[in-house]
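Q: Hey, can you work out the whole structure from these sequences and the hints?
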Amino acid sequence: MNKHKKGGAFLPLAPYSLWSVLFIVVPLIFVAYYAFTDEAFRFTTENITRFFTATSNIQAEDGTMQEVRTYLVIFGRSLKLAVISTFICLLMGYPMAYIMARAKERTQKILVTLIMIPMWMNFLIRTYAWMTILQDTGIINNILGFFGIQPIHIIGTETAVIIGMVYDYFPYMILPIYSIMAKMDTKLLEAARDLGCNSFGVLRRVIFPLSLPGVISGITMVLIPSISTFYISQKLGNGKFFLIGDAIEGQYIANNLHFAAAIAFILMVILLVCMGVVKYFTSKTYGGE
Amino acid sequence: MKKIIELKNISKAFDGEGVLNDISLYINDNEFITLLGPSGCGKTTLLRMIGGFEHPDKGDILFLGERINDVPPHKRHVNTVFQKYALFPHLNVFENVAFPLRECKVPKDEINKKVNEILGLVMLGNFAGRSVTSLSGGQQQRVAIARALISHPRVLLLDEPLGALDLKLRKDMQQELKKIQQSTGITFVFVTHDQEEALSMSDTIVVLNEGKIQQIGTPADIYNEPDNAFVADFIGESNIIDGVMLENYKVSFSGHTFECLDKGFAANEPVDVVVRPEDVDIVAPEKGMLSGTVTQVTFMGVHNEIIVDIGGFKWMIQTTDSVNVDEHIGISLDPDAIHIMKKSKYSGMFGDYSSYSNELDELADAGGEE
Ligand SMILES: Nc1ncnc2c1ncn2[C@@H]1O[C@H](COP(=O)(O)OP(=O)(O)O)[C@@H](O)[C@H]1O
Ligand SMILES: [Mg+2]
Chain A
1 MNKHKKGGAF LPLAPYSLWS VLFIVVPLIF VAYYAFTDEA FRFTTENITR
51 FFTATSNIQA EDGTMQEVRT YLVIFGRSLK LAVISTFICL LMGYPMAYIM
101 ARAKERTQKI LVTLIMIPMW MNFLIRTYAW MTILQDTGII NNILGFFGIQ
151 PIHIIGTETA VIIGMVYDYF PYMILPIYSI MAKMDTKLLE AARDLGCNSF
201 GVLRRVIFPL SLPGVISGIT MVLIPSISTF YISQKLGNGK FFLIGDAIEG
251 QYIANNLHFA AAIAFILMVI LLVCMGVVKY FTSKTYGGE
Chain B
290 MKKIIELKNI SKAFDGEGVL NDISLYINDN EFITLLGPSG CGKTTLLRMI
340 GGFEHPDKGD ILFLGERIND VPPHKRHVNT VFQKYALFPH LNVFENVAFP
390 LRECKVPKDE INKKVNEILG LVMLGNFAGR SVTSLSGGQQ QRVAIARALI
440 SHPRVLLLDE PLGALDLKLR KDMQQELKKI QQSTGITFVF VTHDQEEALS
490 MSDTIVVLNE GKIQQIGTPA DIYNEPDNAF VADFIGESNI IDGVMLENYK
540 VSFSGHTFEC LDKGFAANEP VDVVVRPEDV DIVAPEKGML SGTVTQVTFM
590 GVHNEIIVDI GGFKWMIQTT DSVNVDEHIG ISLDPDAIHI MKKSKYSGMF
640 GDYSSYSNEL DELADAGGEE
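Protein chains in written order, with my numbering: chain A, 1 to 289; chain B, 290 to 659.
Be aware that a few hints might be false.
[Stated by the list, open to error] Calculated cross-link-like contacts (lysine to any residue; reagent style SDA-like; alpha-carbon spacing at most 25 Å):
(1) B/Lys-364 to A/Ser-199
(2) A/Lys-104 to B/Glu-343
(3) A/Lys-187 to B/His-344
(4) A/Lys-183 to A/Leu-203
(5) B/Lys-397 to A/Leu-203
(6) A/Lys-183 to B/Arg-337
In short, the hints are calculated from the structure, not lab data.
A: And the structure:
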């Protein structure tokens, strides 16, 4: 409501503003600065163009060699895995958030805690855990073997990477949706029923539109980290799925700081534009929020 | 008259706390019926039961003679105007009102026609495209009413719909609601804790307290012939005095025997006697049936509200005569100024103005409800 509070509101925000300038704005400026300079820190757009034009040869499925735009292919692959993971998170997270928000208060608290517990554990350890679960001789295959079922090969496939991403980022999808649903005015749901909606109608015509801001922030919070992840694909994909995050890391380790910065910068711009578009359309449809 | 809704021996408890206790009541088609009672007496719960949002622990709800206990809200021909309107914030005024029509897949042209028509009826013709969050309380109220009326329910439930409005707007809306009810012929079940509102709008009033029906009747019945001390006190001001019914048409209280219009009590049965403050005539002390000393005079505009100590019991009297504090006055009561009630569990709890203060009363009124 009061978007334009002034004066008095600034003081308590001061430490936060300082923090965000120091640890968010300054690093971003450095990224941009490195992206547009060469080793001698002279201005150049070389790094940016390299992202779009660099080529390499890969073996296509029919065995022939093909020349492709290296980084565009990598970006496309990252985008594909990230979108699939985000979509799965949404598909699982939305109904679960809906059920949670309707549960008893005590149950809600327990479920929220259960969802958050994995987040207290180190991200690397979680990924390692999935390695032991998914390995050819891992837990899943042991269990399958116990029932006399043929082992399945998961580790090193796209499926494994997607499982890892979904597991790691699922809380970021469910929590914003859940929190918006939990504080939704139950009177609105009753009003919808009163005016002729069955349960599905209430979901479709009231709950879903009102939960959209939560869905948007869930999608943003899952899509962005999963598009730029590198560790999950290295560990669960056996390094076979080189993603944009891997590319940044690789260039950084190879000490190509300027090109690494350029990739990061392009990724950031693309994501910002996407978010801007989404925001524009949601604010147009749901002006009240 | 046709009974549209019947409640039969409804009881309901929340967490072991009895909220409604053996409520039986019928509602006639086309009437304006009001559930009146203090905050927490179970009015909302009863209304929600008719709407289908609560289920009775015991008892039946009938709609045109058919049991509807298990019929879900969207299948009842009953719509609700919620206490805080519950408008959909993601829809504009037009779409809020069109909401029920879209659910039944009414053709577009017809939706346009109907919505514009009803927005006209509630005087929001120019507001169709506005966001509901940008409306004032009174305007939101009208949208809620239009939305509830547009699908022509048989019964409209209104839960303290005027509670959030200021006095002036409240009075206007009272008139408007009554007009809408009369022109549409829809049965209105109206909930309020404001007795004046109930008296001025209703065909029938149901007085509730502590989850029990205290009295059902027309506004005049309820005001003139309250069944017990609770009703007498809740509806307007009352002096409620301990008395003894000597025989038919003869009651004794405050050491004097009065003629009255009531009969059918046992000889010498203890009763509660109600005298409304405006029904007391002030006369010279020697001419009075009773006499006492004025302890307080408050100028109320048209009349004075005075407190008189008569034999230790403090009466409230409204008079246009001018009297002064410490003045000794007599009072005289016509037979029709006296109303006799059977003793109830509320006897002795109400109707004595010993600790009365106007200011306190107003404070209590203002703070009593959200
Ligand atoms: N869902 C509920 N759970 C527990 N107690 C409730 C619930 N709804 C109402 N009550 C209790 O029932 C009583 C009557 O409430 P209500 O019907 O809202 O009264 P009114 O509308 O007359 O103010 C109150 O004591 C209230 O606290
Ligand atoms: Mg209420």
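Q: Could you run down the list of hints and mark each one as holding or not?
A: Status of each hint after checking the structure:
{"no.": "1", "hint": "B/Lys-364 to A/Ser-199", "verdict": "holds, 12 Å"}
{"no.": "2", "hint": "A/Lys-104 to B/Glu-343", "verdict": "holds, 17 Å"}
{"no.": "3", "hint": "A/Lys-187 to B/His-344", "verdict": "holds, 17 Å"}
{"no.": "4", "hint": "A/Lys-183 to A/Leu-203", "verdict": "holds, 15 Å"}
{"no.": "5", "hint": "B/Lys-397 to A/Leu-203", "verdict": "holds, 23 Å"}
{"no.": "6", "hint": "A/Lys-183 to B/Arg-337", "verdict": "holds, 22 Å"}
This entry satisfies every hint, going by the numbered hints stated previously.
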